[in-house]
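Chemist: Here is how the chains run, residue by residue.
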Amino acid sequence: MSDNEKKHDPDTKQQKIKAVSRMKEIMTNYYIEAKSAREQGRKVAWITSGGPVEPLIAMDVIPVYPENHGAMIGASKMGGQLCEKAEEMGYSRDLCSYARADIADAVYKQGPIGGLPEPDMLVCCNNICGTVLKWYETAARYFDVPLFILDTPFVHREFSQEAQNYVLSQIHEYVGFLEDCCGRKMDYVRMEEVGRFSVEGTRLWQEVLDTCAHKPAPMTAFDAFFHLALIVTLRGTQETVDYYKQLLDELKERIRRKIAMVPNEKYRLLWDNLPVWYRTRWLSDKFASHGAALVADTYTSAWSGMVPDMQGRSFLEAMAETYTKVYINISIDMMFDIVAGMIKKYDVDGVVMHSNRSCKPYSLGQYDLRRMIMDRLGVPTLIIEADMVDERSFSESQINTRIDAFMETLKA
Amino acid sequence: MGRYRAGKGRALKNSRRHRLREFQMNPEDRFYSACLDPSGYARGLKQRTCGKILGYFCSYAPVELIHAAGLHPFRILGGKGEIRLADAHLQSYCCSLVRSGLEAALNGSLDFLDGAVFPHTCDSIQRLSDIWRLNAGFEHHFDVVLPVKLNTLSARRYMAEVLNGFRKELEQAFQVEITDEALWRAIRDYNVIREKLESLYGLRSFNPSLFDPSAVHRITAAAMFMEPGAFLKDISEYLGNVEPGVLGGTGSGRKRLVLSGGICSHPDIYDLLARAGADVVWDDLCTGTRWFEEKAEEDGRDPIGALADRYMARSVCPAKHADVRARAGELADTVRRHRADGVVFLMLKFCDPHAFDYPYLKRFLDEAGIASLLLETEDHPPAEGQLMTRFETFVDML
Amino acid sequence: MITAGIDIGSITAKAALIKDGELAGTRLDFTGYNAPKAGRRVLDDLLEKTGIKKQEVDFIISTGYGRNSVDFADKSITEITCHGAGARFIDPGVCFVIDVGGQDSKVIKLSRDGKVVDFAMNDKCAAGTGRFLEVMARALESDLDEFGELSARADVPAAISSICTVFAESEVISLISKGESRENMIAGIHESVASRISAMAKRLGVTGPVMMTGGVAKNSGAVRALENKLGVSIRVSPHAQLTGAMGAALLAARMEQSA
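Protein sequences, first through last, are from chains A, B and C.
With the numbering used here, letter number 333 in the first sequence gets 1718, and the count goes up by one each step, no holes.
With the numbering used here, letter number 292 in the second sequence gets 280, and the count goes up by one each step, no holes.
With the numbering used here, letter number 93 in the third sequence gets 195, and the count goes up by one each step, no holes.
Here chain A stands alone, though its shape is the one from the complex (with noise of 0.2 Å):
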């Protein structure tokens, strides 16, 4: 099929998603409006990033993502040294190295943007780890500013009608806790509007994941890596759902001139947890030296999971039961079933799980989930061992030799 076309195709620049430099463009005009919220009279908000962002965004209150800026130290390389510092402030360094890394750069302001804007309000949603609370109970502490948690209780086997309300009148006490920190009142108009948008650019993002479905696939998992910031940080804007309109018209364009990102595709992989920050260009040259692309993952697919079940319900009550069961927060079996699910879907020939020191929640349970695979739907699965920030816990010759390894077995 394409193979021939593609070696013979005299452009690489064909290869590159041309919307990357719109999505250069929003984050850093998104960037310099939050480091400039001071002088226009806005309010900054610090929220986690499966954390409901909707409300702030319907109060006029920027969001800024710690964890957002945690990947960025991550990509500019900068984890390492602001972990270090993070360590001499008597952080343990097995501690997540977004925490780390964030800690020390408000602190120090040594990272790629000079340090976050300080924020007026925290927001911490514990749906992705207990990490995020301990962290923003730091931040608590180090800015005193107001914090709200919103408790989503973990879902072992069911999501329980307690834990539905429970988390539903969280989610009045959050609206409550922003109009206190707004001094006024919120518009249900505007929240129903970005409530509108925000499941629109959900099932976007989702849509684009799914074009990876098709063979050979127009954008790999690192790409995903990359295109996901807007659903993270602006969910509920108009320019996040043009932006997406924008990429997947794109990517359909990409496929219907059988444009693949990996050349010669012969191996379709699943991804799971973090990123490795600091190390994705390596680790996608890696697996394209190999044929191999990276068609789905589970950690942006966790932000698609999003689109919640309207059912007749106002956005704030759909969103309780949305974003207590993303990915992350569910047991190893719930998660099993979505990552078989994604095997099919995408047809994946191997899954790469990154054992990621930083995060329990989402590494602790692989080898089970690893067995699952490999038992049940016989798809074989490597395991890496690495960090999403801290370039000091990577092992390039062992990852090289273990990935060389893994891909002889698929082509065996």
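Quick caveat, the hints were computed from the structure, so don't treat them as lab data.
Treat the hints with care, as some may be off.
As the list claims (entries may be wrong) - To give an idea of the interface, some chain A residues facing chain B are shown, with a C-beta separation under 10 Å as derived from the structure:
1) Gly1426
2) Arg1526
3) Leu1532
4) His1541
5) Tyr1551
6) Pro1746
Glycine included, C-beta positions come from ideal geometry on N, C-alpha and C.
With chain A fixed as given, assemble chains B and C onto it according to the hints.
Modeler: Just chains B and C now, kept in the frame of chain A:
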């Protein structure tokens, strides 16, 4: 060095140890034997009573409900044996409590359990629950997903609902009815146990030389292994035999310390500190005061509400959320109240909630002029030589 | 008044004699497997060297890992306190001591009157200790004694990012195969050691003049790297790993005096 007095009955115990049968043992012997071999104790209990035993890891496990259902709640504090099976399920960056607990479940050391209950604790215990449920093969498994927030009305309401849900699950699983009466009885039993432990701690703080350095630690641990009625009888008898004597500690030149952290499963630490010239007089440990402080209300109206209120009121575990500055203030107060000279932090390696709190606790103590020492522990404590070097220097420093 | 300090470390045994407030002599030997014997031997040799008779020694303090096995000592004190006292003896201005030995590294904060006010030690991990340097010297087939001189000739220190000694060793081996210069690699290794130690030092807060003691203090490359990391100049104890024994002898003199 080694100037501490042997505890009451200890010498006697050693001389008679070999010819004593269990029924001839005194309370202290029974505490020690339960502590030395908790599994052995549980197997013996099961054989004698044919009762069911439910394991738990966390100090937020509602032991009163388990007791009221006619089951025995048994705390799992991890083992010290070699890890062979758990490594197939857990990465190297998982704490030794979770690792050794899973090992024990997989290798048969916990074969007397009929099941386990996992209150929501931390990220690692949360995943342990899944791995345990999928691999350990016990008949019963309960997840009690308690709120993480402990300072709002909605969390209090949810707390009571979750406890009620657990009550129903227990009733269904074991085909029993947990009546309000039974629950009140259980609440009273545990309240008395907590009261006794508090007296024990108080006596030690009053005069540390009354006890073997690790005695109070062992007795408190025994309270988490032993059948509540039996423990209650023994602790009452034991306390009745303690003569407080004169106020100890002052003028003896020995230093008074508070331990702070998660679990402590190393009785040796108390002995080594004693050798270095310091007595532990109080703690803020999950296997210490956080397990027994604060009693449930006994006003006879709403037993589940009484349990929920206790969890909301007791000193907070760092995996839960209340006031963001509460722990530091409470720790400094504890130090002052017990006229302690310093704090030893026992940090279980890879325990995130505690590790996140450490820098601010340490700074708060520094600012309050309270010296502290950090000790990172795993299932095996650091080599004795290294430990003694730290302890002696710390005690010299005070 | 004559007092002695004996420091039994994991690799070497050290002895120092102090006579009327002045250092009368020092001696260093390998510990071997018999620590009590090593303590006796190193003291006897020193007495012979200085011509002082055993009965003239008024007070003996033992320190180091094997401090409790020195049965003829009058008292034992940890090496942390002794290194603090020894550093102060050598240089009365010192307020912060970094002691890096074979298997341990320690940072010690001293009060104005020379008392230990805070300290920290490395955990079980060998990163940031002399052992780490030994492993790397073996990987590079170099002599550890040349490390300081070689690293001074580096142009760009190689980046050794792994914290783990085992991973770092494989990193060094892969750098060798990439043709990185030995000088740059050694400089990178020193930076790695310095990172670990400086993190520990900064946790306590470095205040006032810093002195480095212990065997690694003799390695000028490691000292330089540490100075860069901490942003302060470091005074190197001229007696390096003998500082603990000297401190012990000094503390013995104080105790004898106040007795």
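Chemist: Go through the numbered hints given earlier and state which of them the structure violates, listing their numbers in rising order.
Modeler: Violated hint: only 1; rest satisfied.
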